[in-house]
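**Q** Next come the chains, spelled out residue by residue.
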Amino acid sequence: MIYSPFPMRVVSKREEAPGVNTLKLEFVREEDHEFFKAHYRTGMFGLYGIFGEGESTFCVASPETRKDAIECTFRHSGRVTSTLANTDAGDIVTFRGPYGNRFPIEQFEGRNLLFIAGGIALPPTRSVIWSCLDQREKYRDVTIVYGARTVADLVYKHELEEWKRRDDVRLVLTVDPGGETPDWQDHVGFVPTVLEQAAPSPENTIAVLCGPPIMIKFTLISLQKLGFEQENVYTTLENRMKCGVGKCGRCNVGSVYICKEGPVFTAAEVSGMPEGDL
Amino acid sequence: MTRILLKQRLDDCIAAWQKAGYRVLGPVKRHDMSSFDEVQKASDMDLDLILTERTIKDHFFPQTEPLIRYKIGRQQIDSETMTPPEIKRVFFGVRPCDASGLAIDDPLFGWDYRDDYWFRRRENSVIVAIACTRADDFCMCTSVKLSPDSTEGADIMLRPLANGNGWQAEALSAGGAALLDTVSPMLQEDSSEAAPVPVVAAKFDVEKVMAWLADKDNFESQFWKEISLRCIGCGSCTFLCPTCHCFDIQDEGDTYSGIRRKNWDSCSFALFTMHTSGHNPRNVQSTRWRQRIMHKFNYYRGKFGVNSCSGCGRCTRQCPVDMGITETLQAISNLPR
Chain A
1 MIYSPFPMRV VSKREEAPGV NTLKLEFVRE EDHEFFKAHY RTGMFGLYGI FGEGESTFCV
61 ASPETRKDAI ECTFRHSGRV TSTLANTDAG DIVTFRGPYG NRFPIEQFEG RNLLFIAGGI
121 ALPPTRSVIW SCLDQREKYR DVTIVYGART VADLVYKHEL EEWKRRDDVR LVLTVDPGGE
181 TPDWQDHVGF VPTVLEQAAP SPENTIAVLC GPPIMIKFTL ISLQKLGFEQ ENVYTTLENR
241 MKCGVGKCGR CNVGSVYICK EGPVFTAAEV SGMPEGDL
Chain B
1 MTRILLKQRL DDCIAAWQKA GYRVLGPVKR HDMSSFDEVQ KASDMDLDLI LTERTIKDHF
61 FPQTEPLIRY KIGRQQIDSE TMTPPEIKRV FFGVRPCDAS GLAIDDPLFG WDYRDDYWFR
121 RRENSVIVAI ACTRADDFCM CTSVKLSPDS TEGADIMLRP LANGNGWQAE ALSAGGAALL
181 DTVSPMLQED SSEAAPVPVV AAKFDVEKVM AWLADKDNFE SQFWKEISLR CIGCGSCTFL
241 CPTCHCFDIQ DEGDTYSGIR RKNWDSCSFA LFTMHTSGHN PRNVQSTRWR QRIMHKFNYY
301 RGKFGVNSCS GCGRCTRQCP VDMGITETLQ AISNLPR
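The listed protein sequences derive, respectively, from chains A and B. So for the first sequence, this note's numbering puts the first residue at 1; every next one is plus one. So for the second sequence, this note's numbering puts the first residue at 1; every next one is plus one.
Quick caveat, the hints were computed from the structure, so don't treat them as lab data. A virtual CB, placed ideally from N, CA and C, is assigned to each residue, including glycine. Check each hint, because a few of them may be wrong.
Some residues of chain B that are not near chain A, with every Cβ distance over 12 Å (derived) [what the hints assert, rightly or not]:
#, residue
1, Lys29
2, Glu65
3, Asp105
4, Ser147
5, Gln188
6, Val200
7, Phe272
8, Asp322
One side only, chain A facing chain B, incomplete, derived with CB under 7 Å [to be verified]:
#, residue
9, Ile2
10, Ser4
11, Phe6
12, Arg9
13, Lys13
14, Gly52
15, Ser77
16, Gly178
17, Thr181
18, Ile214
19, Lys217
20, Cys248
21, Gly249
22, Pro274
23, Asp277
Modelling step: build the complete structure from the supplied sequences, incorporating the hints.
**A** Now the structure itself:
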């Protein structure tokens with residue numbers, strides 16, 4: 001029945017940054033897992049919940065190349081996320097999904113990839129990154145630009161180390177001015193500025209951009225300066241959701257339902273939406 | 001010759017339907033507000049009402065709908081999906097605007113992911129509509145290209161006789177025909193004429209309204225701020241609307257057990273779109289009012305080919321600050337081109 005979630009077992013919990021956790025969830029019922037494996041593609045989202053508290057919407061942070069479990073990363077700020085953060089291995093939570101559209105990564109094959117993420121928006125980007133890195137031979141140069149407010153706020157630190165060590169990935173890390181620590185070796189500056197300095201070539205390149213609205217706004221300008229066509233820039237939009245399936249009536253931007261037609265859009269599609277509804 | 005149902009046989013019909021396993025609901029003034037509720041005999045109903053204050057939507061998309069019952073134990077959490085009761089129902093005396101409202105919402109609850117909470121009730125219900133013979137100043141069905149005798153969403157259409165003794169009965173669906181068959185002994189062939197439908201003057205030019213809304217330049221128009229100044233964001237218009245379908249999902253219970261519910265929500269409320277971060281895409285009342293109008297007369301049409309309004313006029317009739325959709329659409333319609 002619609003709105004009925006899958007029970008999920010917490011396998012492990014990791015603290016990514018102050019107030020940010022990643023949960024690894026496995027399916028309790030085999031048929032639910034089969035459904036997920038048949039339908040999940042990178043970019044899709046789900047509603048994560050705990051009975052008694054409710055449901056919250058966020059992305060599936062694990063890639064489509066690894067469907068044994070679901071990883072989700074979230075900041076604890078409300079009732080549901082705080083309770084999710086207090087779970088331990090073995091606890092039962094719920095998942096509804098996967099919903100929404102996806103990044104068309106097979107169309108990215110043979111092209112250079114530029115990933116740009118800000119703060120807690122690395123998880124959705126990370127799903128695409130690993131989906132591509134797990135099939136590394138299909139793509140050309142891979143550049144990842146990631147920034148956070150402070151060094152502590154960088155999420156997936158262990159994976160950042162891994163990407164830094166790989167010679168087939170160019171990782172550009174930055175923190176906002178004032179967010180650096182004495183031993184910080186990477187960039188200091190806002191993502192759009194650092195991106196312009198790194199100056200990745202727009203030639204045969206697809207850009208995937210996730211971040212807070214203000215970062216997206218200025219990064220799109222920087223990408224334009226670098227010569228990226230709007231059709232080659234993909235981003236995600238997020239809005240408050242309750243049903244996830246196009247019925248509860250709140251997540252639309254203009255006539256576009258984020259839950260059904262999104263959350264993945266090209267910059268060209270976003271520029272056609274009414275700005276006053278974003 | 002048409003089939004006629006005489007008012008004096010209505011009690012027999014209700015009894016026959018009940019015997020056939022139907023629950024019969026009709027317009028009643030039983031509570032503070034007139035609404036559709038279960039009836040046992042014709043005199044329980046107030047068929048002279050122009051329109052009940054509440055819509056029949058309440059019986060298909062209830063104000064609160066239990067989805068899942070859960071129990072939180074020491075070792076495990078048990079949950080059980082709840083489904084609406086399988087009850088066969090006859091809705092007698094539905095106004096054409098309310099019946100149309102159901103038909104307007106069908107594609108929304110059906111697209112892609114099917115909402116069986118809605119469809120199980122729809123499939124187990126027979127809508128017996130009665131064409132209007134009276135209208136009030138708020139009725140605006142003709143403005144949205146419906147009429148006092150529209151048949152959308154109805155399984156049976158009853159047209160009142162000019163002599164006031166009963167109705168011409170016409171089945172419009174298989175379900176309607178089957179329901180009429182159960183009362184065929186109570187019907188008679190007759191050539192009595194139907195009463196004329198009332199003249200409901202168009203209040204605005206809906207084509208002009210739709211064209212103005214479709215113009216992207218008007219999205220940021222000062223018009224929205226001015227027209228919505230009076231709106232107090234109470235949500236009454238959305239709750240009394242036969243087509244408004246927005247909802248919230250909430251868990252209600254205590255520490256150990258409870259029910260996850262689908263509750264009515266409203267685009268009039270600030271919290272409706274508020275992000276966790278505090279950012280709110282529709283952060284002032286004018287943007288929320290714009291959403292309501294755009295949703296009904298632009299977005300919904302783009303997705304499902306119909307406007308999300310059946311012209312019942314309740315939003316205006318019952319607005320505590322005397323505002324409603326009609327005034328806005330009239331104002332748009334009267335804007336100089």
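**Q** Indicate, hint by hint, whether the structure satisfies it.
**A** Each hint, compared with the structure:
Residue placement check: lysine 29 of chain B keeps its beta carbon more than 12 Å from all beta carbons of chain A (closest about 31 Å). Listed as a non-interface residue, glutamate 65 of chain B fails to keep its Cβ farther than 12 Å from every Cβ of chain A; the least gap is roughly 10 Å. Consistency note on aspartate 105 of chain B: stated as away from chain A, yet its beta-carbon is not over 12 Å from all of that chain's, at 10 Å minimum. The claim that serine 147 of chain B is not at the interface with chain A holds, since no C-beta of that chain comes within 12 Å of its own (minimum 28 Å).
Interface exclusion of glutamine 188 of chain B from chain A stands, the closest Cβ pair being 45 Å apart, more than 12 Å. The claim that valine 200 of chain B is not at the interface with chain A holds, since no C-beta of that chain comes within 12 Å of its own (minimum 29 Å). A cut-off of 12 Å between C-beta atoms contradicts the statement that phenylalanine 272 of chain B is not in contact with chain A; the least separation is 5 Å. For aspartate 322 of chain B, the shortest C-beta to C-beta distance to chain A comes to about 25 Å, beyond the 12 Å cut-off, and the non-interface label holds.
Given the 7 Å rule on beta carbons, the hint for isoleucine 2 of chain A holds: about 5 Å separates it from the nearest Cβ of chain B. With its C-beta approaching chain B no nearer than about 5 Å, serine 4 of chain A sits inside the 7 Å limit, and its interface hint holds. Checking phenylalanine 6 of chain A against chain B by beta carbon gives a least distance of about 11 Å; that is not within 7 Å, so the hint is violated. For arginine 9 of chain A, the interface hint is violated, since its Cβ never comes within 7 Å of a Cβ in chain B; the closest pair sits about 11 Å apart.
Because the closest C-beta pair between lysine 13 of chain A and chain B is about 18 Å apart, greater than 7 Å, the hint is violated. Because the beta carbon of glycine 52 of chain A sits about 5 Å from the nearest beta carbon in chain B, less than 7 Å, this interface hint is met. At its closest, the beta carbon of serine 77 of chain A sits 5 Å from a beta carbon of chain B; the interface hint therefore holds under the 7 Å criterion. Because the smallest distance between the Cβ of glycine 178 of chain A and any Cβ of chain B comes to about 21 Å, over 7 Å, the interface hint for this residue is violated.
Against a cut-off of 7 Å between C-beta atoms, the interface hint on threonine 181 of chain A is violated, since the closest Cβ of chain B lies about 25 Å away. Taking 7 Å as the C-beta cut-off, the interface hint given for isoleucine 214 of chain A is violated, the closest approach to chain B being about 9 Å. The beta carbon of lysine 217 of chain A is not positioned within 7 Å of any beta carbon in chain B (closest approach about 12 Å), and the interface hint is therefore violated. Given hint, cysteine 248 of chain A at the interface with chain B, holds; its Cβ is 5 Å from that chain's nearest Cβ, closer than 7 Å.
Of the supplied interface hints, the one on glycine 249 of chain A holds, with its beta-carbon coming within about 4 Å of a beta-carbon of chain B, less than 7 Å. Because the beta carbon of proline 274 of chain A sits about 5 Å from the nearest beta carbon in chain B, less than 7 Å, this interface hint is met. For aspartate 277 of chain A, the interface hint holds, since its Cβ comes within 7 Å of a Cβ in chain B; the closest pair sits about 6 Å apart.
Violated hints, in rising order: 2, 3, 7, 11, 12, 13, 16, 17, 18 and 19; the structure is consistent with all others.
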